[in-house]
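**Q** Produce the entire structure from the sequences given, and follow the hints as far as they go.
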Amino acid sequence: MFAYVGVTADRWRPRTRREWLTVAVGGLLLIAAYHAFLFAGEARPGVTSAAAAVVVSLSPVITTGFGRFVLPDDRLTPLGVLGLCCGLVASSFSSSPRPSTRGDLSVLLDSNALGSLLVLCATASFALGSTLTERLDPDLPPATVEAWSMLLGALLMNATSVALGEPQRVPLAPDPLAALGYLSVVASALGFLLYFSLLDRLGSVEVNLVSYVAPIVAAVVGWWLLGETLDATTAAGFLVVFAGFCLLKRRALHRELRRFVDDGARAD
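No gaps in the numbering here: position 155 of the sequence shown is 155 in UniProt numbering, and each next residue is one more.
Read the hints as simulated data drawn from the structure, not as lab findings.
Quantities reported herein were computed from a predicted structural model and do not represent experimental measurements.
There's no promise every hint is true.
What the hints assert, rightly or not - Quick list of simulated restraints, FRET-style, between CB atoms: (1) 176 to 220: 19 to 25 angstroms; (2) 250 to 45: 37 to 43 angstroms; (3) 217 to 197: 47 to 53 angstroms; (4) 263 to 39: 41 to 47 angstroms; (5) 266 to 198: 27 to 33 angstroms; (6) 168 to 203: 37 to 43 angstroms; (7) 197 to 24: 17 to 23 angstroms; (8) 46 to 7: 41 to 47 angstroms; (9) 263 to 139: 31 to 37 angstroms; (10) 217 to 252: 22 to 28 angstroms; (11) 45 to 7: 40 to 46 angstroms.
Glycine residues also receive a C-beta, built at the ideal position from the N, C-alpha and C atoms.
**A** Next comes the structure, spelled out in structure tokens:
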């Protein structure tokens, strides 16, 4: 990324306090906290790709909620509160503990509830990082923000991994190397380059709308590669998330619908 910044960007490093603060937010929340919580959650037994994606699809709802406090001129109406509640209810759809005859609290830690909670923490970290980055609005190229955020995030994640005693060597086998290459180049370098560019143009809520595609893609890929199934509870959770977002963004959706109808009428 730093090589790409050196070739394409007019500034390769932050200079002001606001710009360094933006890098800190990106490295801590968008890179380190998001990926650490996400990978830890998906590693838990019982958390399928589709179920995790439903929790991730809460991102627009949570981002809108954070935006009411972080971004200026945003207030949460009663319907907006209802929309946020829909999101919280939906997250419980994919985190319900499996039935067990044991009567202690360890059933929660042995179920997919903890995994879904960790994925929810990842989603909240990303949503908060998005709104804070939009609020800071640094005069810095998106590629530069990404490069420094990824450097800081990688250092934080590796330090945490060492502190937890995790293995630091990647197995020299085709599958781990292919996964590492895909996550490094496609999902991280290219993905976050697009994300920071769109965040600068569209804002945190609109750019996080891509999260609504995640359950569909995850369900198909999970079924194709991992043999996972998409149950009715997970599908219902996604529908509740979508309903919550419609409540939160009802005015914007109404404007776009009116514009679409008016454009169609003029075309006729």
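**Q** State for each hint whether it applies.
**A** Evaluated hints:
no., hint, in the structure
1, 176 to 220: 19 to 25 angstroms, "holds, 23 angstroms"
2, 250 to 45: 37 to 43 angstroms, "holds, 39 angstroms"
3, 217 to 197: 47 to 53 angstroms, "violated, 21 angstroms"
4, 263 to 39: 41 to 47 angstroms, "holds, 44 angstroms"
5, 266 to 198: 27 to 33 angstroms, "holds, 29 angstroms"
6, 168 to 203: 37 to 43 angstroms, "holds, 38 angstroms"
7, 197 to 24: 17 to 23 angstroms, "holds, 20 angstroms"
8, 46 to 7: 41 to 47 angstroms, "holds, 45 angstroms"
9, 263 to 139: 31 to 37 angstroms, "holds, 35 angstroms"
10, 217 to 252: 22 to 28 angstroms, "holds, 24 angstroms"
11, 45 to 7: 40 to 46 angstroms, "holds, 44 angstroms"
The structure shown violates just one earlier hint, number 3.
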